[in-house]
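A.B. asks: Each chain is listed here by its residues.
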Amino acid sequence: MNSNEVLLKEAWKYTPLFKLTEPYGQPSSFETQIPKPQGAAVVFENGFFNRELSQLPKGVELVQSSSLENQATLVARENLFRNRDNSQTTLCLRITQVLERPLSFYFLNQGEKHKFSPQISIEIKENIKLCLFEEFLSEGDIFINRTMDITLGRGSQVEHIVTATKEQESLLNSNTSVVVNQDSTYSNFLLTLNSKVIRHNLDIRLNEKGAHASSFGLYTLNDNQHADNYTFIHHAHEQTTSEQLFKGVLDDESTGIFTGKILVDKKSQQINSSQLNKTMLLSKKAHSHSQPQLEIFADDVKCSHGSTTGQLSPDEIFYFQSRGIGQRQAKEILSYAFIQDILMKISDRELREKLTTAFTQKFKKFQLETL
Amino acid sequence: MIEIENLHANVENNEILKGINLKVNAGEVHAIMGPNGSGKSTLAKVIAGHPAYEKTQGSIKFQLSSKLEDIDELEPDERAKAGIFLGFQYPIEIPGVTNLTFLHESFNQICEAQGLDPIPEEDFRSFVKSKLELLEMNESFLDRPVNEGFSGGEKKKNEILQMAILNPRLSLLDETDSGLDIDALKTVAKGVNALKSKRNATILVTHYQRLLNYIEPDYVHVLYKGRIVKSGDKSLALELENKGYDWIINEL
Chain X
6 MNSNEVLLKE
16 AWKYTPLFKL
26 TEPYGQPSSF
36 ETQIPKPQGA
46 AVVFENGFFN
56 RELSQLPKGV
66 ELVQSSSLEN
76 QATLVARENL
86 FRNRDNSQTT
96 LCLRITQVLE
106 RPLSFYFLNQ
116 GEKHKFSPQI
126 SIEIKENIKL
136 CLFEEFLSEG
146 DIFINRTMDI
156 TLGRGSQVEH
166 IVTATKEQES
176 LLNSNTSVVV
186 NQDSTYSNFL
196 LTLNSKVIRH
206 NLDIRLNEKG
216 AHASSFGLYT
226 LNDNQHADNY
236 TFIHHAHEQT
246 TSEQLFKGVL
256 DDESTGIFTG
266 KILVDKKSQQ
276 INSSQLNKTM
286 LLSKKAHSHS
296 QPQLEIFADD
306 VKCSHGSTTG
316 QLSPDEIFYF
326 QSRGIGQRQA
336 KEILSYAFIQ
346 DILMKISDRE
356 LREKLTTAFT
366 QKFKKFQLET
376 L
Chain D
9 MIEIENLHAN
19 VENNEILKGI
29 NLKVNAGEVH
39 AIMGPNGSGK
49 STLAKVIAGH
59 PAYEKTQGSI
69 KFQLSSKLED
79 IDELEPDERA
89 KAGIFLGFQY
99 PIEIPGVTNL
109 TFLHESFNQI
119 CEAQGLDPIP
129 EEDFRSFVKS
139 KLELLEMNES
149 FLDRPVNEGF
159 SGGEKKKNEI
169 LQMAILNPRL
179 SLLDETDSGL
189 DIDALKTVAK
199 GVNALKSKRN
209 ATILVTHYQR
219 LLNYIEPDYV
229 HVLYKGRIVK
239 SGDKSLALEL
249 ENKGYDWIIN
259 EL
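In order, the protein sequences belong to chains X and D.
Numbered as in our numbering, the first sequence ends at 376 without a single skipped number.
Numbered as in our numbering, the second sequence ends at 260 without a single skipped number.
Some clues are possibly wrong.
Said to hold, decoys possible - Pairs of lysine-lysine, DSBU-like flavour, derived with a Cα cap of 30 Å:
| no. | chain 1 | residue 1 | chain 2 | residue 2 |
| --- | --- | --- | --- | --- |
| 1 | X | K350 | D | K163 |
| 2 | D | K63 | X | K289 |
| 3 | X | K350 | X | K283 |
As the list claims (entries may be wrong) - Ranges of calculated distance between the beta carbons of each label pair, as one might list FRET restraints:
| no. | chain 1 | residue 1 | chain 2 | residue 2 | range |
| --- | --- | --- | --- | --- | --- |
| 4 | D | N22 | X | D353 | 51 to 57 Å |
| 5 | X | T362 | D | K137 | 24 to 30 Å |
| 6 | D | K63 | X | L13 | 55 to 61 Å |
| 7 | X | D353 | D | D189 | 44 to 50 Å |
Said to hold, decoys possible - Below, a sample of chain D positions facing chain X; criterion: calculated Cβ distance under 8 Å:
| no. | residue |
| --- | --- |
| 8 | A56 |
| 9 | P103 |
| 10 | G104 |
| 11 | V105 |
| 12 | S114 |
| 13 | S159 |
| 14 | E162 |
| 15 | K163 |
To be clear, the hints were calculated from the coordinates, so they are not data collected in a lab.
Just so we're clear, the structure is a prediction, and the values are computed from it rather than from any experiment.
Glycine is no exception: its CB is placed at the ideal position from the N, C-alpha and C atoms.
Next up, chain D with everything else stripped away, as it sits in the complex:
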């Protein structure tokens, strides 16, 4: 699905990522963990193509049609159309644009890219309703401005709602668990699990092991100072929970 080799990236001329190697296959869930400032969010944003994050070395290859291709030249919207989805840590508020308009526009753009006909707003609304139920969201969400006045939990649910509608092949979920109470966390996890399939993959970026109780990862990677310093299965997350990040840092 995606192959990252020796990835280096800068933000405002500071090198944040210093040689990341990561391979994710279809059907897998990978968790990226690590202390504050280790580069977790940067990794997610570089893959999604945020203009403020500059790739300086290495390669990101994503399965575009049948083979892995470099996505350097693709704009963020083209990456989205190719099936990459970024769930934001801090979703942006957009006053004046209703959630329905935003989702509909987004959905139709993705449809168009896949050679499908756009669907009218009324049909789209009924399609979205089923997804709202999955996330235990009220229909009134659709008529509110995007994320404006939403609680932390509502914003994160809204991100997963978008993911459910766009049905991406690769989901990058950036600290989706932060700011969630336990009920909201369970709902969000339920949503992510329901969308899991053999044909898509998920990269979870998180501080805490807590989320991984609900979304079981196949692989866990520890990111520290811009490098992956340890990889393992889900038991690594539990070990981290018990021993803290110092345990790995001291081993280095």
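Only chain X is shown next, with the shape it has when bound in the complex:
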């Protein structure tokens, strides 16, 4: 094996590729029967942007790909699935105004052994504040390979939430590449509830002084669901900061994976970075893999990382029971308590409540057997 092959093997160590490379074909129809969500949004149907269904708010411009210079596309790392589908056109958006309400992206996908590859490129101008909310609404055994490149202009603040709240049988691979420029803040949330197999590839480049990235993740899995969070934060400039917090709650025979690579270039001094991955196992057959990967070449840096895997404490459960709260309910409440700090970081109240409900509902599906 050459070194590229070794890296590839390492990158996909816990998510066997056969899960994602089954022969999924192109869909014959680009219409679905999935109910269309309301509100200002970008709607993709079976992989393609649907202009009629979409309502772009003021300040969001649809532009030609030739007129968009997206740094994120230029610096994106190679990965197995990125831009594999050349037939696909990329939706190019330029955001020129502060958006009060979240800009929602809905991906409606329906099929049987079909593959959909939505591609989006977003350029955010200077001093823009907004929230990007992506939701996958899928039906059938399908593979979604979504690519999104985002560049933040100077002084911007962007919150970006990726989720699938409805129960679905789909495979999802996401490739997100983000460039954060001077004095900008980018906060990403990878919230995994309901997909059969999910792989998130998240690359964030802190490109200029004062750039900050927060990367949060939740994965609450049951049955034999599989979630792989493969993240890379590149401190490519001095005086940049990042924080990462991923939490998993794993029941049944589910598998949760977190890989957190932090790269600090030799010239990137005065870096502050923290990383934490906490997992709670609720069954004997659940698996958790946690891989912090810190590559630090500068010498004036503060980088912390930690990883814990544990179980619910019998004393905590007894405390609930001694107050008349049954064991099952105690476990549901404690599981929610474990993850709620991440949900509380979502600024939009409506989204926060919607997602809180989704996670609370998810715990009701857990077996929560007595260990």
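Place chain D on chain X using the hints.
C.D. replies: Below, chain D without anything else, positioned relative to chain X:
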């Protein structure tokens, strides 16, 4: 209210309780005293049904409806619903769950078990306010995570607050006085006394006579090496305070 006969119990295969006999009637306050490691806390936890404490012999009978029934088969939450309350020596911290949510959930579970309708959060909040006053607790306690960052005294007050809300028939208070300064001790004792009635009973587990100055027991039992070795009225506690536990141990 409760009748314990020849109770033996193990923790991790070590026998801690070696034949306890105790009968507590409604309206009574019993104090269980004894040196470290005598089995006082174990007794309280076995009655409450802690899974790590295994009953090996004897019986615990609790008045369930009109008659005394064995509670072996009851889960800890079912015991709580039947009216048994354990005030913890070391209350557990639960980050991420507010005190109000916890108390409300608990209260509604107990209501449901008694065939009553659950009450909405707003009504519950005003109900709790009156109980907070009794314990000289600020309303902001309700919006903090359960016991997280509470001082020792605040945690113990929070236990008594829960007791006040759940209104149990039998309260087991495990070292409720430990870690309290004299003001907090008085407040906690005031709370316990205010909740006392002819229909409920209290078992106080304590090291020191100090608490008994404020909560007057009807009976005092001395536990030593897993057995009750001496019982008496409140004067026994005073005698212990003067002479120490050695006095009884040497008599054995």
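A.B. asks: Give a verdict on every hint.
C.D. replies: Hint check results:
The straight-line distance between the Cα atoms of K350 (chain X) and K163 (chain D) is roughly 28 Å, inside the 30 Å bound, and the hint therefore holds. With a C-alpha separation of about 27 Å, the suggested pairing of K63 (chain D) with K289 (chain X) holds against the 30 Å cut-off. Taking the CA atoms of K350 (chain X) and K283 (chain X), the gap is about 17 Å. The hint holds against a cut of 30 Å. Checked against the hint of 51 to 57 Å, the pair N22 (chain D) and D353 (chain X) passes, with Cβ atoms roughly 55 Å apart.
Between T362 (chain X) and K137 (chain D) the CB atoms are about 29 Å apart, so this pair conforms to the stated range of 24 to 30 Å. Range check, K63 (chain D) to L13 (chain X): Cβ separation about 58 Å, and the 55 to 61 Å hint holds. Checking the proposed 44 to 50 Å range against D353 (chain X) and D189 (chain D) shows it holds: the Cβ atoms sit about 45 Å from each other. Evaluation of the A56 (chain D) hint against chain X yields a held restraint, the C-beta minimum of about 5 Å falling below 8 Å.
At a threshold of 8 Å, the smallest CB-CB gap from P103 (chain D) to chain X is about 6 Å, leaving the interface hint in force. Interface restraint check for G104 (chain D): the shortest CB-CB distance to chain X comes to about 3 Å, inside 8 Å, so the restraint holds. With 8 Å as the threshold, the beta carbon of V105 (chain D) comes within range of chain X, its nearest partner Cβ sitting at about 5 Å, so the hint holds. Given the 8 Å rule on beta carbons, the hint for S114 (chain D) holds: about 4 Å separates it from the nearest Cβ of chain X.
With 8 Å as the threshold, the beta carbon of S159 (chain D) stays out of range of chain X, its nearest partner Cβ sitting at about 18 Å, so the hint is violated. Look at E162 (chain D): its Cβ only gets to about 16 Å from chain X, farther than 8 Å, so that hint breaks. Hint status for K163 (chain D) relative to chain X: violated, with the closest Cβ pair at about 12 Å, above 8 Å.
In summary, the structure is inconsistent with hints 13, 14 and 15 from the numbered list given earlier, while agreeing with the others.
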